[in-house]
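**Student:** If you're matching positions, the sequence shown starts at 100 in our numbering and goes up one per residue.
Read the hints as simulated data drawn from the structure, not as lab findings. For clarity, every value in this text was computed on a predicted model and none was experimentally measured. Built from N, CA and C at the ideal position, the CB exists for glycine as well. Among the clues, some could well be false.
[Said to hold, decoys possible] In silico SDA-like links for lysine to any residue, alpha-carbon gap of 20 angstroms or less:
{"id": "1", "residue 1": "Lys302", "residue 2": "Leu290"}
{"id": "2", "residue 1": "Lys365", "residue 2": "Met252"}
{"id": "3", "residue 1": "Lys125", "residue 2": "Met252"}
{"id": "4", "residue 1": "Lys125", "residue 2": "Leu235"}
{"id": "5", "residue 1": "Lys302", "residue 2": "Gly152"}
[Said to hold, decoys possible] Simulated restraints, written as ranges between beta carbons of each label pair:
{"id": "6", "residue 1": "Phe386", "residue 2": "Ile157", "range": "34 to 42 angstroms"}
{"id": "7", "residue 1": "Ala368", "residue 2": "Lys161", "range": "49 to 57 angstroms"}
{"id": "8", "residue 1": "Ser155", "residue 2": "Ala220", "range": "17 to 25 angstroms"}
{"id": "9", "residue 1": "Asp310", "residue 2": "Ile142", "range": "17 to 25 angstroms"}
{"id": "10", "residue 1": "Lys369", "residue 2": "Ser155", "range": "51 to 59 angstroms"}
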Amino acid sequence: MLWIITAVLSALFAGLTSILAKCGIKKTDSDLATALRTVVVLIFSWIMVLVVGSHSSITDIKPMSFLFLILSGLATGASWICYFKALSIGDINKVVPIDKSSTILTVLLAIICFGETSNLAVKLIATAILAAGIFLMIEKKASEKRSGGRVWMLYAALSAVFAALTSILAKVGISDVESNLGTAVRTAVVLIMAWVIVLARGKQKGLKTLDKKELIFISLSGIATGASWLCYYHAIRYGLVSVVVPIDKLSILVTVAFSYAVFKEKLSAKAMLGLGLMVAGTLLMAFFK
100 MLWIITAVLS ALFAGLTSIL AKCGIKKTDS DLATALRTVV VLIFSWIMVL VVGSHSSITD
160 IKPMSFLFLI LSGLATGASW ICYFKALSIG DINKVVPIDK SSTILTVLLA IICFGETSNL
220 AVKLIATAIL AAGIFLMIEK KASEKRSGGR VWMLYAALSA VFAALTSILA KVGISDVESN
280 LGTAVRTAVV LIMAWVIVLA RGKQKGLKTL DKKELIFISL SGIATGASWL CYYHAIRYGL
340 VSVVVPIDKL SILVTVAFSY AVFKEKLSAK AMLGLGLMVA GTLLMAFFK
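Using the sequences and the accompanying hints, generate a full structural model.
**Tutor:** As structure tokens, then:
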């Protein structure tokens, strides 16, 4: 049951990631911030690979596993870029619930692709509860209702789709690969993708005017992400994707708590009910796996 523990730790670190990242992109361009924090994640990932001694097995990775790790990395990069773009223009308490809707798609794909049909009825009911919770948490500000400014919602939705693909592709890619090594390989792909986008858009110029305080938060966000990934991919390698993903999404509790403490982003009664449903659906799926 170690994979349950690592899934919970993944949620804790993922929750911290969103808050730290939000602090680091007040002035810094979101694409540049993504590229910078990926450098930190990559360093963190390879340190863990060296610690566990799995670097020597990189030549033993099968071509098919390598392919899926690369595809998973590309999906992760796309998800990150969309997610941090959404965070830069929207409230955390509104962006995160939409991003967490990737749980629904991931669970359904896990059932279809991996045959994770144990307690199928419970999983489907829990998924429906999650969907209801997400719907209740998605609120529009008065200014958005007037101006129709919902671009952040589109980016958050795309982030969710790519995040769901990430989990499924990674499950295949790390089936016979040490989880820390698999994470490091995927991170290298994300790093290349992130910097290609930065260079293609000419945003590397922002390095000259980078706020030092924000750089610290971006770096801390990268460390939190690295820790979350290591725990997450250990969990999905040894556990059930349809259970691990919902537990990981409980990071929303950490995010909501810190967003209130740091950014004073309050939840309405409707959003609180939605949060409660999301937690209930997640716990239902975890306990009746």
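**Student:** List, from low to high, the hint numbers that the structure doesn't satisfy.
**Tutor:** 4, 5 and 8
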